[in-house]
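Let the sequences and hints guide you as you build the complete structure.
These are the residues of each chain, in order.
2 protein chains.
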Amino acid sequence: MDKRGPGAQVGIGLLGLGVVGSSVATALRSPVGRDHGLRLCAALVRDPSRQRAVDLPPEMVTTDPDAILDSPDIDIVVELMGGEQPALEYISRALSAGKHVTTANKEVISKHGERLRELAAENGVSLQYEASVGGGIPIISPLLNDLVANEILGLRAIINGTTNYILTQMASGGTSFDDALAEAQRLGYAEADPTADVDAHDAVYKISILARLAFGVSVPVENIYREGIRRTAAQDFRYAEELGYTIKLLAAARREDGGLLVRVHPALIPGDVPMAKVEGVLNVVEVEGDLAGPLWFQGRGAGAKPTASAVMGDVLRAAAVLRHGGTLPQARQIDPGLPLLAMAEHECKYYLRLTVRDRPGVLAQIAGVLGDLEISIASVLQMDADPERGAADLVIMTHPAREANMQRAVQRIDALGVVDTVANLIRVESYPADR
Amino acid sequence: MDKRGPGAQVGIGLLGLGVVGSSVATALRSPVGRDHGLRLCAALVRDPSRQRAVDLPPEMVTTDPDAILDSPDIDIVVELMGGEQPALEYISRALSAGKHVTTANKEVISKHGERLRELAAENGVSLQYEASVGGGIPIISPLLNDLVANEILGLRAIINGTTNYILTQMASGGTSFDDALAEAQRLGYAEADPTADVDAHDAVYKISILARLAFGVSVPVENIYREGIRRTAAQDFRYAEELGYTIKLLAAARREDGGLLVRVHPALIPGDVPMAKVEGVLNVVEVEGDLAGPLWFQGRGAGAKPTASAVMGDVLRAAAVLRHGGTLPQARQIDPGLPLLAMAEHECKYYLRLTVRDRPGVLAQIAGVLGDLEISIASVLQMDADPERGAADLVIMTHPAREANMQRAVQRIDALGVVDTVANLIRVESYPADR
Chain W
1 MDKRGPGAQV GIGLLGLGVV GSSVATALRS PVGRDHGLRL CAALVRDPSR QRAVDLPPEM
61 VTTDPDAILD SPDIDIVVEL MGGEQPALEY ISRALSAGKH VTTANKEVIS KHGERLRELA
121 AENGVSLQYE ASVGGGIPII SPLLNDLVAN EILGLRAIIN GTTNYILTQM ASGGTSFDDA
181 LAEAQRLGYA EADPTADVDA HDAVYKISIL ARLAFGVSVP VENIYREGIR RTAAQDFRYA
241 EELGYTIKLL AAARREDGGL LVRVHPALIP GDVPMAKVEG VLNVVEVEGD LAGPLWFQGR
301 GAGAKPTASA VMGDVLRAAA VLRHGGTLPQ ARQIDPGLPL LAMAEHECKY YLRLTVRDRP
361 GVLAQIAGVL GDLEISIASV LQMDADPERG AADLVIMTHP AREANMQRAV QRIDALGVVD
421 TVANLIRVES YPADR
Chain P
436 MDKRGPGAQV GIGLLGLGVV GSSVATALRS PVGRDHGLRL CAALVRDPSR QRAVDLPPEM
496 VTTDPDAILD SPDIDIVVEL MGGEQPALEY ISRALSAGKH VTTANKEVIS KHGERLRELA
556 AENGVSLQYE ASVGGGIPII SPLLNDLVAN EILGLRAIIN GTTNYILTQM ASGGTSFDDA
616 LAEAQRLGYA EADPTADVDA HDAVYKISIL ARLAFGVSVP VENIYREGIR RTAAQDFRYA
676 EELGYTIKLL AAARREDGGL LVRVHPALIP GDVPMAKVEG VLNVVEVEGD LAGPLWFQGR
736 GAGAKPTASA VMGDVLRAAA VLRHGGTLPQ ARQIDPGLPL LAMAEHECKY YLRLTVRDRP
796 GVLAQIAGVL GDLEISIASV LQMDADPERG AADLVIMTHP AREANMQRAV QRIDALGVVD
856 TVANLIRVES YPADR
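Going line by line, the protein sequences match chains W and P.
Take 1 as the starting number for the first sequence in our numbering and just add one per residue.
Take 436 as the starting number for the second sequence in our numbering and just add one per residue.
Heads up, some of the hints might be wrong.
Stated by the list, open to error - With a Cα cut of at most 27 Å, we get these calculated BS3-like pairs of lysine-lysine:
| id | chain 1 | residue 1 | chain 2 | residue 2 |
| --- | --- | --- | --- | --- |
| 1 | P | Lys712 | W | Lys277 |
| 2 | W | Lys349 | P | Lys712 |
| 3 | P | Lys784 | P | Lys712 |
| 4 | W | Lys349 | W | Lys277 |
| 5 | W | Lys277 | P | Lys784 |
No lab work stands behind these hints, which were simulated from the structure alone.
Okay, structure coming up:
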């Protein structure tokens, strides 16, 4: 296009003008945006009459996606609508029309990233999505740029602020899951329908994106082990603390013998490692490279302004390519030698909380089941006996065991007459001695 | 040059082949380097007969800098010699010869960065120095790329692994400074001459580099307030802990009313903020952006492999420009509206440790001096009385006060007959309530 060149204006179209979109629009129209020659041309909305945090001239606001996707003035399309459709369709159309795209849409990128990256390459434009993981924390860019010479050994992240807020409240206040969720909803940290967060769909989308970039492995979201935080109870935090741990919703991907294991589940984290101390709505991504060693990227993982920070970083990179040529770094080539492993292959220590009949011989029966499946017990805590019901909480910590064996053990233990319920099974995350 | 293009080999020359240089050479000759079309052409050494961690063909090793600086085969020069000269001369010659340069040299960049950046721009090549701060932690790249749309409000960092190791040992083991230093030297974390680290020259170089990139302010190293850790004593850690703090060597730069204040000194850090928990040789950089909010970048701030990770990131970026064109992002424009403030303008709470005569009326005299200079006392701890000498340790915590007043107060208190010595004055770092 003839409007490109060192001093030329770069036209931006926004898909979505909610709180994040308004924040991006504000940044584009601020001195930073103007100094970098960015010009907001149009913003797609559903309801033009709605009050917004940014005051745009009426002619800039449109309900017609074609006004952005077909506009010759628009060089960069910023997608902030969320959800799979029509976002996917609009992103595809923008790329096909030769427009650079930046999106915060973790669902679209985790499910359709491979195809969209190809589409971008075919059309000689960039597809960026720094804001899709970790809000304002630069994490995608370091994986694509700074750490390229590293073989990434593992990723571990607290990557969903809503659940980290809930778990932090439960840990510090002794509150129940329901109360902590209600408080998070009251403060706007959790949605009215909290499924995406508390059932860990959101964290699965994000670890899928990070794993693709870190390991060169395309990880279908349905193949990622996913367990949310609904089962986590107030007493789990109390017992975990006595054992020297806290509980976090962990998203992890790691090279193991024979492949890559990707998983999202609550985990007992030793109280003295950096991740244990990441509280409230903060996010952290731990990246372990063979050269760099362990690195931690920590900050606000959500919110209008942090997301706008990440989106603007993308937009300025795309604008630099429009003006000066060159290319943006590509995702690693797919590594065919690194298959996805099933969760059954995972090996770790386990925290097992049972409600059992408070009578002699109970532990012997449970220990028998575990022993048969080659699971060694590291410690047993009997706690909170309830003499009226004749029941007691029993907490068992195991030595490292295979997930497949542990799941079989849980089924058999659950069937024992002396066991009322297997109340919770939480994996214990292990860290090398030097961290 | 006709050897450029998408598939072309990129020639690399190394200045220095010590532990870091050997690590970079190994990475360049590894599959990662080869897959990216990097070719190590020559490495400059002082003594070719020395044993090294990397085994290079003899014809690749040279004692003649011209063999690298004048070689038409070499597109990128990697400087890892350290020290001001001849590194500065070689970097300047390489840039003038149209070669891209990456360096880990914090002294050269902090003292001569402005001129070298200009020289690079004049010659249409890049000057990169990710490894000069924070070892393997990506911090320069996020400041140059991802956070460009942010106005940076403040930087706070633990940026020298040697001193953080010493302070961590003192905090956890109750050891003296001398013993902790000796242990750090034994482990190779501290040099035989530890001046650069313990007297905080190293941290000053690094915060100068970061401040230039974050704020667009050229900060001459001699204008940065610098205080090392030699005065920090075992009992300071004991008293700090009683008061809820730990002690870190802090490098900070922050927008204040009227300008930018840059300083390096030991500081009391509240025990519950993320920086307080960064232990041993780890580094952390906290960046506060107006959009992104507070971000923490943490990892190994030194060592051959982490440094090689950062250098390789730079090299791969320069190689992409050689192949595909485009430019790398430039440092922010110098902001003439942000003058450097003197340390006398700083305002904070203070921790003051005095050895005083153990007799009535001492506190009244000291409080009188502080009151005259408008310094309010927040708390007083009298500790470790030594009846034989008739002396006692007195620890005073103040409310926020101006540095100029505090320095005057220390002089007057030191002159009081009832005061044996002003044993230490440590600034207390304040954090907003939400961190």
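Okay, the hints, checked on the actual structure:
Between the alpha carbons of P:Lys712 and W:Lys277 the distance comes to roughly 9 Å, so the proposed pair stays at or under 27 Å and holds. Only pairs whose Cα atoms come within 27 Å are accepted, and W:Lys349 paired with P:Lys712 is accepted, the gap being roughly 26 Å. For the suggested pair P:Lys784 and P:Lys712, the alpha carbons sit about 21 Å apart, so the restraint of at most 27 Å is met. For the suggested pair W:Lys349 and W:Lys277, the alpha carbons sit about 21 Å apart, so the restraint of at most 27 Å is met.
For the proposed pair W:Lys277 and P:Lys784, the alpha carbon gap of about 26 Å is at most 27 Å, so the pair holds.
The structure is consistent with each of the numbered hints, conforming to all of them.
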